[in-house]
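What follows is the residue order along each chain.
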Amino acid sequence: MPDIVAPVSHVTPLGLIRRERKLPGPGTVVARLNEKVLASDVIAEGELAPSHVFLDLVRGLGVPEKDVARYLLHQAGDRLEAGELIAGPAGVGRRTVRAPAVGRIVTFQRGRLLYEVRGKPIGLRAGFPGMIIGTDGTRSVTLETTGALVQGIWGNGRQEFAMLRTVGGAGERIRSEQLDINLRGALLTGGILDQASTLQQMTQLTVRGLVVGSATSDLVAQLMRMQFPVVLTEGFGEIPMNNAAYALLTTNAGREAAIDGRMGDNFSQQRPELIIPLPAGRKTDLPEEVVTLTPGTRVRVVRPPHAGAVGSIRELPAKAVDYPSGLLARSALVELEGIGTRSVPLANLDVLL
Amino acid sequence: MLAIDVGSVHTRASLFDVVEGRYRLVATGRAATTAGTPLLDISEGVRQAIEQVQSVTGRPLVDGSENLILPASSSGAGVDLFIATASAGPKVRAVLVGMMPGVSMQSLRRLADTSYVEVVGEILLTDRRREEERIDVIRSARPDLVLIAGGTDRGAGQSVLRIAEAIGLALAMNPEEEQVRVVFAGNRQLGQAVTEVFSPSVPVLHAPNIRPSLEVEDLSPARQRVSEAILELRSARIIGLEELRQWSGGHMQLTADGFGRVLRYLGHIYDPRRGVLGVDVGASHVMLGASFGGSLHMTVRADLGLGSSLPGLLRHADLEDVQRWLPFEMPLSQVRDYIYNKSLRPGTVPAEKDELHLEFALARELMRAALALSRPSWPRAVNRSGFLPPVERILASGGVLSRTPRPGYAALALLDALQPTGVVTMVLDPYNLAPSLGAAMSTLPMASVHVLESGSFVSLGTVISPVGRAKSGRPILHLRLERDNGEVTEGVVRYGQLAVVPMGPALHGRLMLRPERGFDVGFGGPGKAGTLRVFGSSLGLIVDARGRPLVLPRDAERRRDVNHKWLWDIGAVE
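If you read the sequences in order, they're chains D and U.
Anchor point for the first sequence: position 271 equals 271 in the numbering used here, and the numbering is continuous, going up by one each time.
Anchor point for the second sequence: position 109 equals 109 in the numbering used here, and the numbering is continuous, going up by one each time.
Treat the hints with care, since some could be wrong.
As the list claims (entries may be wrong) - Keeping only pairs whose Cα atoms sit at most 30 Å apart, straight-line, the calculated BS3-like set for lysine-lysine is: (1) D:283 x D:22; (2) U:471 x U:528; (3) D:120 x D:66; (4) U:91 x D:120; (5) D:22 x D:36; (6) U:471 x D:319; (7) U:91 x D:22; (8) D:319 x D:36; (9) U:565 x U:471.
Read the hints as simulated data drawn from the structure, not as lab findings.
Since this is a predicted model, take the numbers as computed values, not measurements.
Looking at chain U on its own, in the form it has when it is part of the complex (with noise of 0.2 Å):
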């Protein structure tokens, strides 16, 4: 199976193979996409990619008119499967359309907030606007998507078909090249009609109504036709995308769809009490979906990301809070200049060491702003302290966190930006595989769950976040680590610690905690002891008792220091 994800910065080619019975990544490959000017071809990026891939392994992938070869021939060469997903491309601008604030509209906003789309205006019934107010918002914002959704199955319809009537007619005078796709998902009898007034000149998508009652809410249908959408957009803007959609048989896929399916997947197979956390920092965006049983909250933001749409971060945050988890004194003044400068150029690295904590900094504020961005869409069961729900795992990707030096950089900016609590292992995604593997669920599972299970994924350690109050100091959990090999560590963890206990990656062992009255670590409430199973991780077993929420010293000098050592303490640093 060869996976292409085409990024907003980098275009991943990654070869998967059976290696003794079970799927698993033979070879990866990586070059700059070409999706932007001056190319606008994603093509150029694909074929260095694959090339990378056949130069490690020798396997010729594509013929010589560099058309993939699929099926595999006898001779080894080709793939049997080809699987493409895709984040790059121009921001599609989305009106939304619905009947009620606190109903419909809610649910569009939420829609909207998981795939990637700017909401460049909003139409509701009840918003007073005359008919030709409304045409007049749709031709000002030219959006290249129009939502619509409105009445519950059943109900009454004429109100949004006079809406859908209005912007019919304002999307009637485009100029022919100016492409828009309309998505209705609202009450499901008007579907006839409502294609009807969009014929001929606009296509609509339909799907199931997303509120088919005032007290239910389903947007996983209306999120499918969203994404297919925003593909044809794209596809008719970039080149080379529509190739790469006949390479996969008509089954590429949004990068966060596949990334979400992987969540999903991952949330049905752990305990279905406890959730599983995705995080993706990317350059034009960032995601972040919680899986709670199998139910997937997902959350693209377009404003966030560690590139282009960084300038978007001082929306949500300060350039204090990005200077604070810095472990050198920065001037607030070159921390601005540093993301105006990164959003003119995202492709750029880090070559020095301060910019490089810059950039963690960066991404600490960013999955923050995206974390509290997301939580309100979360079920209200797990979402009661303002804390971080327990989490079985916490997968994490990116180019800033993949592309770490070293695994505690990426741990200890998780660890500072999601504030996870009680016990969960922080994986790391650093070939991006998760998006890919996601869309090969459908057709090839056992390939997703083989490699899923593989060291492909770097666990960077199991993490065990005590919470409760105490003084600085104050012995707060007793542990024992008996490591399969026979080995022992015991000690006590005080209050403010950050501590790492050694654990290589092929280890396993028995795990007990004994926290003091006060402190939860998630064995059924404060001060309750346990015992559970742990693996061994590039970092080992992560003691994270600087408490909830995380409190750094006001202290600008002190705050300095503290930051470089728990750089330290987690081995980030020398």
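Only chain D is shown next, with the shape it has when bound in the complex (with noise of 0.2 Å):
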């Protein structure tokens, strides 16, 4: 039988941990390279949604076509500010023509010049406290640190650094009577959202993140509205928060935690995370992302019966195994954590590493 490449999700206690952070567009990369920063600190500066508008300067300057280029004072890619002379003065007018906000000038053609009004500006956050290891110098950075990292399986694309702190077990609904006071600020990990006055409660608590196995589907466009960053685990539904994760976030409450939700696609490295950075008092690597399943390989089910279950893998049987739906499928051999040996199909199985 060929090696089986199986999709991972990091369940790591402590391991090395770099992540790339990128400017929507080319900016000013601020970071040193070396340079310890922490998760507030903007490491990058760039700007949203530039506008465009194009200045005749033939009627500007009053000037035919062919002469505009002799009244230029800058060229392409220059940066101005509002009002800065950018042609003139031309003739006896002396008329000018001027930047009308700040901005760069783009092109230069046929008497029109292109200019870039600078759109709103924005800083790019390190998101959690690491090293630069690594920069372009005008668009993206990479950040290193050392921690503990759980990933997840869906997000509402937010990012937020707070202090971790549990609600609940890992299979239990969170009510709104649990989010007391002390949870002010705090980013929450728990089993299952299936309630949308709890969000509400978050919300009036400014609750700073939430990382649950599972919420239920409804909730969707309510979660994609949230301030704060939500991610799942497992997906939607009422799965409970798999007990390896489960156990990590519980052990590490009380510590900062950076949590992550952007989605990328299939085929972008971008996932719904937390990192919880920790010190490493020896050499640790980056995690593996490409894992062959093997007997011992520990695994997580992702589709029912079982989703959510943790084991590892007993055996692999060349034979592919009937489901009750009909199926046929290959198929793995699994010991789950309190539920025994089953035969689950390759294809409802990630690896928890």
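Two chains, two separate frames, one set of hints: put the complex together.
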């Protein structure tokens, strides 16, 4: 049987974590190589949605198109302040053309100048405390830290850094009554979210993040509107958080953690996750991203029955297994914690590292 | 001939060889596609799929350096022809640029619907945006592909060039690593000028005008250019695609193009007055093609699919629409949870019976949505009634249908979703061969023809669907089936019935149909009788007298019972 490469989810107590942060477009990287940064530090500055405007220099200066270049004081790429002189003075009237706002000159052709008006400034934050180990100088920065890592499967696109607190068990529903003033500003972790009122209560408490095993899918729109990041480790419905992730998160309750709810597509490295920076007493390695299934590999079941159950592979039979659905599927015999040995289609497993 | 199809979830390898003078499918292999993270390299999935074929046949196909052995050696190792098709890859974001809303823009939208693109913006000459606003549209949409059309041939061209210039300026601001392609399918006199506008930063692919005149639309050549652009863009992001392209001698095709070619071919060989319909329910796309007299009408919906695109279905159907096809009770919340979970993990399979039923219920709604979105592009002559026009054959493929544990599941899903009329043969492509055979048609047409006629495609059965209205239980059709082995079956079909007349795959026969007054089975009008030659299949002869349109009981419990009964009638459950 050929090697079977399975998807990997990291639930790592301690490892080397390396992440790239990227501006939406070119800007300026302000952090320096080998600099230690805090989660809230701005490491690069850029702008959102700059707008463009054509400046008609022929009309503005009142000169023929062929003569416009003579009066230009700047060239493409130059950054200008609002009101700064771009071209002129020309003619008896000493006519000029000035920058309409802070921005830069994109190009000049046929007597017209394309000017980019600076968009809303944005600061790209580190997201977690670490060291800058690489940058392209204009757009992307690579950070590194050591710590615990829990990867999820869905997130609402937001990021935050806050103190981790546990609310209830891995398979318990989070109830509004559990949310008291002591949890204000915390990053909460728990089992299942199934009530819109619980989310409202979290908003009132200015909670700064939420990691749960699952949430019911009727809450998707509301979760997307939340001002704090939300990460699901298992998916939608009422699936308990897998024991490995829950144990790791509860062990680290009281520590500060970075939650990143950004979703990538299948072709990007971006995944919703939680990073808990921890000092490493020894040399740590980057976790493996490509794992071949073998007996002993720790896996998680990602579909019913036993969705969310964790165990280790006992055997990889060569013969396909017949399931109650009638499907024949290549499978693994998995020793599931608290359940026993079960056949699970290989397609329904992911590796927990 | 070795064919590889790299799908979004599975990579398939199929080996064809000449057996007794005809090309036959010899072996297939299937592995998980490795185009996505963490590998972002299709090579591993391709290697595993080929390895399976090698282990089944004992025939070496790659050498020690993992290079394809091409041509075949005298010892029998390798192959003489390699065919590659692919649908895996990130969505290609496209901006459409047209001149007139009802003319070139309409054609561009139809063009975009025929391939794997997601339209993220539109720019029109008449949209009253200033030039700089058009630049802003392009900058914020960040397209991978810009499709430009407009201007009739020998017509005015200045306005087309003015818009192209603004787009050229916007694209020139892109960082170097962001690759963009432009496909220009407008006034052909402007080709050179358009290339100069985008040169040197953005390559332009030229196609003949999709609207050479106001009355004429010709999408085919532009479709080919769009496919080339998509393959180029994806090859730049996914390792291994370029190597496959080289193995195939530069003739790699998109899966949808191969699928479409097969439909076009079938449309040619069957009765030109009737069409051929093809549907593929994939994980990230649903393809639906209709070929009438060899003219192909293809729709590729990137917002539908039984995987990552599944939540897109909720823009076209309600949860109740999905739930109504289930033979058991399942809360709407569970249906919705399933939709979102499947989109997060598209490669997973249903182990439980309830989940399998739910996947087929979702497949029905995906096909219904694709059909509804596709029909406006069909010729008016075949689109007059609200029902599906009579077609000669329905070719079905895609994970959920081809993996069916019993053919009855797939057959009933197709009947419920497409609701064919008259007499039609439904064929399943269990090994997903159609795209590869379509891609091979220009190089080795006989191989495609032989395999299409072979047993590698599973006939689900000939279906007779009388169209008309009657009270439930009223006799509407008399049939007499004379099998070539001498066995005869005669009977009456009642309105509301779904009946299967056993007729094994090896059997042929003569079928006489005599519909009651007001019922049409495609013999020239209501009440007209006729005789036709039929072939056996895994299910037999299916008579779907449930009415068109198919109406399900309003009462939930009765509806569930009816769904279960139909599954039982067609042999999907015992």
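Here is what the structure says about each hint:
no. : hint          : in the structure
1   : D:283 x D:22  : 27 Å, holds
2   : U:471 x U:528 : 20 Å, holds
3   : D:120 x D:66  : 36 Å, violated
4   : U:91 x D:120  : 28 Å, holds
5   : D:22 x D:36   : 18 Å, holds
6   : U:471 x D:319 : 51 Å, violated
7   : U:91 x D:22   : 21 Å, holds
8   : D:319 x D:36  : 53 Å, violated
9   : U:565 x U:471 : 19 Å, holds
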